[in-house]
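Since the structure of chain A is provided, determine the placement of chains B, C, D, E and F on it from the hints.
There are 6 protein chains.
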Amino acid sequence: MEGIPREVLEIADGIRSMRIRGAGKIARSAAEALKIAAEKYEGAREPGAFRKYMARVADLLIETRPTAVSLPNAVMYVMQAVFTPASDFESLRNSVVSAAARFIEESNNAVKRIAEFGSRRIKENSVILTHCHSTAAVSVITEAYKQGKVVKVYSTETRPFYQGRITTRQLLENGVPVVQIPDSAVRYFMHEVDQVVIGADTITSNGAVVNKIGTSQVALAAHEARVRVFVAAETYKFSPMTVIGELVPIEFRDPSEVVPPEWLQAHRNVRVLNPSFDVTPPEYIDAIITEVGVIPPQAAIMILTERLGWAIDKIKQAGLTKLRFEDLVEE
Amino acid sequence: MEGIPREVLEIADGIRSMRIRGAGKIARSAAEALKIAAEKYEGAREPGAFRKYMARVADLLIETRPTAVSLPNAVMYVMQAVFTPASDFESLRNSVVSAAARFIEESNNAVKRIAEFGSRRIKENSVILTHCHSTAAVSVITEAYKQGKVVKVYSTETRPFYQGRITTRQLLENGVPVVQIPDSAVRYFMHEVDQVVIGADTITSNGAVVNKIGTSQVALAAHEARVRVFVAAETYKFSPMTVIGELVPIEFRDPSEVVPPEWLQAHRNVRVLNPSFDVTPPEYIDAIITEVGVIPPQAAIMILTERLGWAIDKIKQAGLTKLRFEDLVEE
Amino acid sequence: MEGIPREVLEIADGIRSMRIRGAGKIARSAAEALKIAAEKYEGAREPGAFRKYMARVADLLIETRPTAVSLPNAVMYVMQAVFTPASDFESLRNSVVSAAARFIEESNNAVKRIAEFGSRRIKENSVILTHCHSTAAVSVITEAYKQGKVVKVYSTETRPFYQGRITTRQLLENGVPVVQIPDSAVRYFMHEVDQVVIGADTITSNGAVVNKIGTSQVALAAHEARVRVFVAAETYKFSPMTVIGELVPIEFRDPSEVVPPEWLQAHRNVRVLNPSFDVTPPEYIDAIITEVGVIPPQAAIMILTERLGWAIDKIKQAGLTKLRFEDLVEE
Amino acid sequence: MEGIPREVLEIADGIRSMRIRGAGKIARSAAEALKIAAEKYEGAREPGAFRKYMARVADLLIETRPTAVSLPNAVMYVMQAVFTPASDFESLRNSVVSAAARFIEESNNAVKRIAEFGSRRIKENSVILTHCHSTAAVSVITEAYKQGKVVKVYSTETRPFYQGRITTRQLLENGVPVVQIPDSAVRYFMHEVDQVVIGADTITSNGAVVNKIGTSQVALAAHEARVRVFVAAETYKFSPMTVIGELVPIEFRDPSEVVPPEWLQAHRNVRVLNPSFDVTPPEYIDAIITEVGVIPPQAAIMILTERLGWAIDKIKQAGLTKLRFEDLVEE
Amino acid sequence: MEGIPREVLEIADGIRSMRIRGAGKIARSAAEALKIAAEKYEGAREPGAFRKYMARVADLLIETRPTAVSLPNAVMYVMQAVFTPASDFESLRNSVVSAAARFIEESNNAVKRIAEFGSRRIKENSVILTHCHSTAAVSVITEAYKQGKVVKVYSTETRPFYQGRITTRQLLENGVPVVQIPDSAVRYFMHEVDQVVIGADTITSNGAVVNKIGTSQVALAAHEARVRVFVAAETYKFSPMTVIGELVPIEFRDPSEVVPPEWLQAHRNVRVLNPSFDVTPPEYIDAIITEVGVIPPQAAIMILTERLGWAIDKIKQAGLTKLRFEDLVEE
Amino acid sequence: MEGIPREVLEIADGIRSMRIRGAGKIARSAAEALKIAAEKYEGAREPGAFRKYMARVADLLIETRPTAVSLPNAVMYVMQAVFTPASDFESLRNSVVSAAARFIEESNNAVKRIAEFGSRRIKENSVILTHCHSTAAVSVITEAYKQGKVVKVYSTETRPFYQGRITTRQLLENGVPVVQIPDSAVRYFMHEVDQVVIGADTITSNGAVVNKIGTSQVALAAHEARVRVFVAAETYKFSPMTVIGELVPIEFRDPSEVVPPEWLQAHRNVRVLNPSFDVTPPEYIDAIITEVGVIPPQAAIMILTERLGWAIDKIKQAGLTKLRFEDLVEE
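So the protein sequences, as listed, match chains A, B, C, D, E and F.
Going by the working numbering, the first sequence opens with residue 295, and the numbers climb by one from there.
Going by the working numbering, the second sequence opens with residue 295, and the numbers climb by one from there.
Going by the working numbering, the third sequence opens with residue 295, and the numbers climb by one from there.
Going by the working numbering, the fourth sequence opens with residue 295, and the numbers climb by one from there.
Going by the working numbering, the fifth sequence opens with residue 295, and the numbers climb by one from there.
Going by the working numbering, the sixth sequence opens with residue 295, and the numbers climb by one from there.
Here chain A stands alone, though its shape is the one from the complex (with noise of 0.2 Å):
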């Protein structure tokens, strides 16, 4: 990639191989790594040239995972600062550093505001569910359970993977009472739960919440026993391609995580179908907890506007599904 600093591509190296992982870090990165380039650019010093460069490092950002929500999110962040009328170069360039870097801060304060946010709108003497594992949750639970406000904690196994049992761990290690509960066991102890604090994987432009799978379950128990859900998640898992229409795509993971390998092949008929997630419709969320503040799933649309509105008309008006920022640079 001429022209791109070592580093930048290092990023764009780690986040295709995974070596970068979870959702708030691979945002961080790509926003370090348009600060990055726009820092070392060493092309012609006016704002044409530097944007079509900048287009090029976004693109190559955006292209290392294509279904990752919160990449797309933070690269078309800073890329509203790079289209931005400028009059000189420098300032543009200065520009596009602070955004960065300012994406960088609040995606760092985001799970620490999220928690304070969300923590107050726990009751005193409550026994929250929870299910899988998201550290934006975790978060608010501690920090409410800080407050004296939490007696108990329903803590789901989440299989097939286990992750609720991260999720358990954390919450012991900070001293809050945990029990942990089979999947199938959430509706039997939910006339006992005042509230379900649940993380998200996406939130679509109509408020819908696709998280771990079995997450849609919880939330209809809850419905059911008009017990409150409050979904714990930073903006930049609300995703501008479902403005568009795109669908957020649904993983299906090995069969082996589901049945030993000896059982599969004593089984050779059978299917297994291993779903990562499931989409939670906003009639069965009370509010979305976000580090710009308390939301109705409805509201997504507001933020995503607020937020991307420049990324989003570009993407809109020029027709793309996939988002390509080189197409974006008028000549």
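To be clear, the hints were calculated from the coordinates, so they are not data collected in a lab.
In this text, a Cβ means the ideal position worked out from N, Cα and C, and glycines have one as well.
Among the hints, a few may not be true.
Stated by the list, open to error - Here are the simulated distance ranges between beta carbons: (1) SER381/D - GLU340/B: 29 to 37 Å; (2) HIS485/B - GLU467/E: 25 to 33 Å; (3) GLY442/A - LEU558/F: 37 to 45 Å; (4) GLN559/D - GLU600/E: 53 to 61 Å.
Said to hold, decoys possible - Keeping only pairs whose Cα atoms sit at most 27 Å apart, straight-line, the calculated DSSO-like set for lysine-lysine is: (5) LYS608/C - LYS319/C; (6) LYS417/C - LYS610/D; (7) LYS608/D - LYS417/A.
Chains B, C, D, E and F only, in chain A's frame:
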């Protein structure tokens, strides 16, 4: 147990030690024991003495497993004959022996009948979902498959004990195409499902179905999607004790079924709860398929009254919470 | 049909050729045929021979229209008397003749009774909505109107056959103020409606109501608006065959009822589906008004057991799916 | 009333003047009156004359309070014995006297039985909510409290008459911890409640529960939160007249119960409506606890048929809307 | 209309006389008229005079069809440019002309965009149901079909005007397999349907969808079966007047569309009601597909504010219920 | 409070001592105080000093009633102007004074606007139900009545404080026909009701409505019967603090409002709970009628962002839970 035939005591012991297992086998063994007891009775040739003796046998049997619902069912069914007014001893003994034989025969045929009745309710080209393992449910599905009506069966794994794998294996052996899924994926696949067919552990007098943990979540997800839920259950699953308000006890099994022992040792503060059953309310069930016909769940009380009315009346009058036939023998 | 009186054969033929139509008429004609058959019997004067003969007549009648629910209803009702233990031929014949006469009389009075019972359930100043045409429903509404309780009736047109216009005409003739509306306007007007009164084609053992296509949508819209739905139905609409799992067959009628032939010819690739009936689940029905009283839909099985219990038991025991009385005659 | 014993007339008068009050007392007094009437009968020693006499007494009693549901219940129960075929007068009289005595005894024991059955349905550590005042409901709660299962009871004040304060007082006297709340706070506290236990004024043939105004709101709020609702009701609350379509009349009481007279005078144009009862549909009720067992609301018709079948049949056949036994006496 | 160009008057006349029909055409014609008016303006070269003139033209256009929602939409969009502060006349005129041109272009592309966005939301192997005729909905379905994702489309006939047949014809012409069904069969087939795609006549500020009569029933039946409902609607269907509380008027059309004239004459007492539209509440709609993106129904107000905010503010401040731009021109 | 004008201190005192009451009056008084403070400011003529001074005044005002939602609303609205970048002191002061004046004027007109907008949503011949007392709701109903659209209003008494009687009186004075009912009769009369119109105490960022205890029950009963619920609420009822997760505090008032003191003394063990407010979830509300338009409850966050965005951002960034403007003044 003076005067009680050895074969009877052996059966009682078999039930107690769980050598005789499964709702159907327990019920038929108990009826067999009562039949043998009647046939081998050597006491005074008059109804009063015979009734006392039979009451002792009945109480002995019932105490072997106080929470098994099919056991008192069988005993009460036969004991109705014991307490029928009778002019002479021999005709009384004969009617008791036939009642026991009839119970055994009907019980033996019950699953076949349920398969026959239930398979008719399955529509052409059906995708079926089932949870846990139930011989009656497997039989309904298999019979419908043989009639060419079943396209595919989703079988949940049924954590923590994986009884769903038994279901999967049996269905595969019967040639039925099966897809094995984690419990948490039920709602994800529900939009494809045409009918849910499940078994039951116990059915209460107001039509609730107590069954393997997770069943109520499956039924809830089906209800949300207007998918009909059929429960395949022999009449000896209908609990007469719930008529007088008895709750069906929910067993909590060992944590080690849910988490590996080493994990448990590494997380000493955790509590693990492992309930065996949950309760599905009648509004989520379209019909119960029994060997005496297809009924709405709310007709459970009618079936109980028809089959065990006398015994239930006796219990109500005597104000007994624990069933004791010796108390029912009038001096 | 050797030995079967000509009048009986004529009735059988009348039902087969649809000269005798309507659930009530079919039922009463079948009972009449059995009555005549019994009265004109000229075989051996002993119960066994008489039973065989009657079984042949019964089977002949039932085969004339295998899907009409009122036909086996009438036949089973009368045949219970045929199979009652009897010491002598004459008393047996007499009891059969009275059973048939009783069935006919009750059936004749059924609509009047239903009107009487159902009209009491209509509140003062009611706006009623009805769908399709049902003599029983029209009678309930008319009777309530005569009592001064009906302000207005919404009558749906009931595409594709416009049976709603028959309802409209009959109600207008009875002086009832009627508003005719398209089927698609039901939900629009539902907020004005106080009660829905409809008829039934068949009622199943778990309380579902099979009725003219569109009925389940009407009931759903009523349920959404907390409007009570009453089904007016004679007991011969309750299907004994559904006790053993039989599905009520849904007839698909000719496309030409839905689109004009020229349109169909101009659009050769189109498929037109024209189902006659749909199924309303019991949870959308507040009560069924029968000539034996006002019951919840879930009590259909109780009515069936009370009226046709013996015959249903016989079918269950014999494992028959198609009703054959000759198979029930013990040698 | 010629020929009717003075004690009987006194009871009739007591019911009419509301000196004898309460569903249970009215029912037992009526049965007592019929018992006395039978015992003191001095007319012709043959069944026909006796039946006519008893029919007159029965009609006299029923007319004393035409809307009390327990009154015809008691009378119909006893009168079934009157109309039983009998060879001689004395055995007929005896069976009538025993029927009356049995009714009285069962009625006297009913509340105790209901407490026993209902208390078993209360789970450990339950928070219970009740509305208005019902002896049966208070007994269930108290019995469950004695078994150590009740943590707290929310008792609504039950405007406009504050019958909830009677409930509160009785529960406090029994040692039960009570929280008194306004009717409008029911939904606020519902998320803490485990079970709702209420009484009933009348239960209809399709399982609806007519009870103190506000009950249906309580049940709705419970249903919304998946909280089970138990209705504690003696079988004499089940209305046989609803089988033939009779609506349960809803009394509107005086405005002065709702607003002070001076307010009413200051606001002459206002209309004040003060209905005494409302109707809770069966889908909001999990079980009815009666002295004959725990049943789903839809089994009310089964109970009515079992207890009062003969009398209901007579009324249906005679086409009576107002119950008159004299019309039932065949010449 | 002195001083208003002839072409503008002709367009106004075309809309008034319904020669210009269809929401899109009306909107674009109105924008075109405003563009022409601006271009041909010959009055004083200063902003104030130009604004007065444009306001007169705008008011003239709006009065041509007071109930058409797309008309004020187009006019308000362009008029925002008219009232934008401007230093000189020419730049003001230019910005007005571009606003009109932009509106026209976006409107022309709207259906294509909606097809693009909406088709992405259709899943593989989908069975789709649609109601009535909507160009946007047909485009979404056709586009998804071309992508190989549509198995079958159920098209309702849409009584009384049979617009569904237009949908059927267009889909068939596009090669899509269609099944034509009566409106009353929607719930019958809903269990087979994966997604509902419909158009809209008007969308209100709180997210309700006004569309052809029957739409709300379709949406209700979809909701009951957890089937997602997508509304394909151009942004000029969003009604700005509903922000200030205006109700969308529901036209009642002629009875002769519902019943033949001879039937009407034969039944003189009948009333026939034929509403054109009904209102689907937002809770039954999963997403609205617009040319500016996929949004939840509750974001309609956001779209309105973004596109027409200035005009809506003016109306609110002026307290106008009928939109008059001349009143907005400050002296 | 050195340097703060006496009039400002008097207003602060008036709010603190509750001499100034009612959400609207408090809000306008606070804006007035800020206006006076700005006008009378005598410190250094430069923005920095002025901002510090105004921040002190703002903090003083906010502390007077920490839980009143309209107070910070007014203060934040005006303070946005204080923190706007400004070149010189005078223009800054002027813009602050105008912001305060604008707030006061809009607030004064708010109820009139709401009446205008809301009345348009009321349909012809409407029966309306309202709960408690709200000036905005009374205005909507009265305005609709004047337009000839209101047939009758059900007004709940609203225990324990009977604020419903104030509503009743005001409506009667305006000529509106009113029926006064107990709170417990809401569901009984709901089937007659066409629309519910209520006020609000506070509206949260995710669209929940905090209002007088009982409101959520009314809304639930309306939802059950498909009756639309409109909330009439000025925008100063929208709580900016809920954006950062603050819960709206629910005041518990004195037991003596619920029971007479003598009753309390006679029942010393009783606990009486008297919560003032409850929370109605957004799914039970069709629209909120504000002075800026008719919106879905989920758009509350949009209104908050538009009106108070700057201040909310400041709070979020500063991580404040208690609003302190002095902390926002940059050195």
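Here is what the structure says about each hint:
SER381/D and GLU340/B have their C-beta atoms about 30 Å apart, which keeps the hinted 29 to 37 Å range intact. Our hint of 25 to 33 Å for HIS485/B and GLU467/E holds, since their Cβ atoms are close to 30 Å apart. Take GLY442/A and LEU558/F: their Cβ atoms lie about 31 Å apart, and the range 37 to 45 Å is violated. Separation of GLN559/D from GLU600/E is about 56 Å and conforms to the stated range, judged on CB atoms against 53 to 61 Å.
For the hint linking LYS608/C to LYS319/C, the alpha-carbon distance of about 26 Å falls within 27 Å, and the restraint holds. For the suggested pair LYS417/C and LYS610/D, the alpha carbons sit about 21 Å apart, so the restraint of at most 27 Å is met. Under the criterion of a C-alpha separation no larger than 27 Å, the hint pairing LYS608/D with LYS417/A is inconsistent with the structure, at around 60 Å.
In the structure shown, a violation is registered for the earlier hints numbered 3 and 7, in ascending order.
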